[in-house]
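Heads up: the sequence lines are chains V and H, in that order. 1 is the number of the first residue of the first sequence in this note's numbering; add one for each residue after it. 76 is the number of the first residue of the second sequence in this note's numbering; add one for each residue after it.
If you are wondering where the hints come from, they were derived from the structure by calculation, not from laboratory data. There's no promise every hint is true.
[Claimed, not checked] Heads up, simulated DSSO-like pairs for lysine-lysine below, C-alpha to C-alpha not over 30 Å straight-line:
(1) Lys197/H / Lys69/V
(2) Lys79/H / Lys40/V
(3) Lys713/H / Lys40/V
(4) Lys549/H / Lys69/V
(5) Lys220/H / Lys197/H
(6) Lys40/V / Lys6/V
(7) Lys549/H / Lys40/V
(8) Lys286/H / Lys3/V
(9) Lys6/V / Lys79/H
(10) Lys69/V / Lys3/V
(11) Lys3/V / Lys79/H
(12) Lys314/H / Lys3/V
(13) Lys197/H / Lys3/V
(14) Lys549/H / Lys25/V
(15) Lys567/H / Lys6/V
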Amino acid sequence: MRKSFKLENLDCAHCASMMEEGINKLPGVNKASISFMTSKLMIDADVANADELAPILDAAQEVCTSYEKDCRIVR
Amino acid sequence: MSPKQKRLLTRVIIAFVLFIAIEVVSSVGVLHNLFGDPGAIYAEFVLFLIPYLIAGYDVIGGALRGLAHGHALDEDFLMTVATFGAFALVFFPDTDPHMAEGAAVMLFFQVGELFQSYAVGKSRQSIADMMDIAPEFANVMVEGKLEQVDPFELAPDDELIVMPGERIPLDGTIVDGDSQIDTAALTGESVPRMAKPGDEVISGCVNLTGKLVVRASKAYEDSTVSRILELVENAAEKKARTENFITRFARVYTPVVVGVAALLAIVPPLLLGGQWSDWILRGLTFLVVSCPCALVISVPLSFFGGIGGASRLGILVKGSNYLETLASTETVVFDKTGTLTDGTFAVTEIRPTAGMSPDDLIAVAALAEAYSTHPIAASVRAAFGRDIDHDRIDRVEEISGRGVEAVIDGKQVFVGNDKLMADHGIAFDAPDAVGTVLHVAVDGRYAGYIIIADTIKPTAVEAITALRDAGVRKTVMLTGDRTDVARAVAEKLGIGEVRAELLPQNKVEEVERLLHATEEQTRGKGKLAFVGDGINDAPVLTRADIGIAMGAMGSDAAIEAADVVLMDDDPRSIARAIGVARKTMAIVWQNIVFALGIKFAVLILAAFGIANMWMAVFADVGVAVIAILNAMRAMNVKK
């Protein structure tokens, strides 16, 4: 399933590309991409519905926070 | 400014005021009088820490957090090490103190960050404004009352009401009402369109003058506006070669610069007996320049700006990679019908013999063709433009493969081709014109001829000239049409090469041959663009380096198949698209050369001990801000 989310307080472009790399390495994620200009995160994951996506999003949130403490995935 | 930016601004101002105060106090010698000789330096050290921490406590926090998560070489960390280092130089009594520099570097770093975040916010905002074509609500009649609903909730065949000034929420057909429609947001065309019952309307356009009742033909997510938004947003995912290069470069650049900084600080003092403080300072200066942020932000921003700017002209580019390819277009191949010509038949010439007016000639022809369903007859009637007075027509007979014979106003009239004239022994002119010639004879005497042809779009000549001016070396026209017709069109437009009488599969072969030729002539640098109307030419659109579909407003097939979609059917948009692409690439390269140039220059100067930390801060944040401002130019497009 492929879904995109808005990222709040994404301020650093280099961090965005590091986050993208980090989220891509998470288990279950087929492809993740972050667009710094639109502040959007697109996740394509091996899950059937939004409930199963939630743990992946939690992990992704952790990756984001580790680079920018205020950055939040809006779900 | 966001609250976060305002807080940072306040901190920077307070820190700056304190910094100046401390600088003044220490330079007039107050500290010296109070604390004596070495004491004054330490007092200064403590005092400068105050503005330093006010300005930079979050940077230090970020550095610690980064360290805890194991990604050490982030900007915060590098900046913290550099400034800590500057402060620590106080412990080397053989050198001048550098506390002021340490505090100032942090201060300017934050000023730069503030600028950067402001510029990014601004460009994000202008991108958001550009994308602001999504309708927020739809009006529907519920039990006789007008209600606003989310356009998502509507389904095809629902009827909705669009008031003047509102955006049309879903694609549909007008059931009732006349109005003018502003399509500028989608096509870039500033002249409004007239719309009447039966006309199709496209979501995202603005209804200007009258109330409209529209029957939806598509659900919201399939409507033009959502498809366009999706397309432009996803465009950022298809990264250009230049963007990928920058990402790879950034990955290598920072570790290398940091490595060199470490070597610079340690090796010369150890091996060559240099002064520790001097070489450590040079190493610290390196650290300040080691963030590639100027490029990492400005390059994608330029592409995004270019794509966004193009979309305002009604040109949708599906990815940064296509914008990049478009910029190196050397050959443009056109499909004739629907791109350079309208694809509809129209009267292009009315040439009566002496004693007859063009109006009379077309009137006679229109009356004779009044009952014919042939497209040529239809175009004659369209050129006549008035209602047919059927009382004037007495008898009409179609002669297959020849034309028609009729009695009009009591006179015998023949309207048809050469054969019809020859059959009745009427001498006729044989014009050297392109298209279908329709001769008219009245009472056995030749009255003149009318020429019907596929009309060339009025802007096509200008479009080809504009392409040549934009640096396109070769223009080619492919068509299934007759050779003489194709030749004539090409000559009129100034197109270099023509391939006529092609079957659809031949077009792919032709494009492949041309691709090969372009690659050979330009040593692989030049690219080939194919322009079609998206109908029946999907294979060719895909085969070309870049496929451009024209007149795509409302055509799903075209939006799907092409890499670049022109919403209007004005061929001049092709040159405009190439123009936007070239400008974007120019900005991208300016930024790359400028940012790297300054950074390398400062690195070299720093290695030789010429550049100080002030210059390094400029090379880092100053360059980033300038690059961002430059990148924002990509968004400014003009017709």
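Quick rundown of the hints versus the structure:
1. Lys197/H / Lys69/V: Within the cut-off at roughly 22 Å; holds.
2. Lys79/H / Lys40/V: 20 Å, holds
3. Lys713/H / Lys40/V: 28 Å, holds
4. Lys549/H / Lys69/V: Since the Cα atoms of Lys549/H and Lys69/V sit roughly 54 Å apart, the hinted pair is violated (cutoff 30 Å).
5. Lys220/H / Lys197/H: 41 Å, violated
6. Lys40/V / Lys6/V: Holds - the C-alpha atoms of Lys6/V and Lys40/V are around 5 Å apart, at most 30 Å.
7. Lys549/H / Lys40/V: Measuring from Cα to Cα gives roughly 40 Å; hence the hint is violated.
8. Lys286/H / Lys3/V: Status violated; Cα separation ~37 Å.
9. Lys6/V / Lys79/H: At roughly 18 Å apart (the allowed maximum being 30 Å), Lys79/H and Lys6/V satisfy the hint.
10. Lys69/V / Lys3/V: 23 Å, holds
11. Lys3/V / Lys79/H: 28 Å, holds
12. Lys314/H / Lys3/V: 19 Å, holds
13. Lys197/H / Lys3/V: 26 Å, holds
14. Lys549/H / Lys25/V: Roughly 46 Å separates the two Cα atoms, so the pair is violated.
15. Lys567/H / Lys6/V: At roughly 52 Å apart (the allowed maximum being 30 Å), Lys6/V and Lys567/H break the hint.
Consistency note: the structure conflicts with the earlier hints numbered 4, 5, 7, 8, 14, 15.
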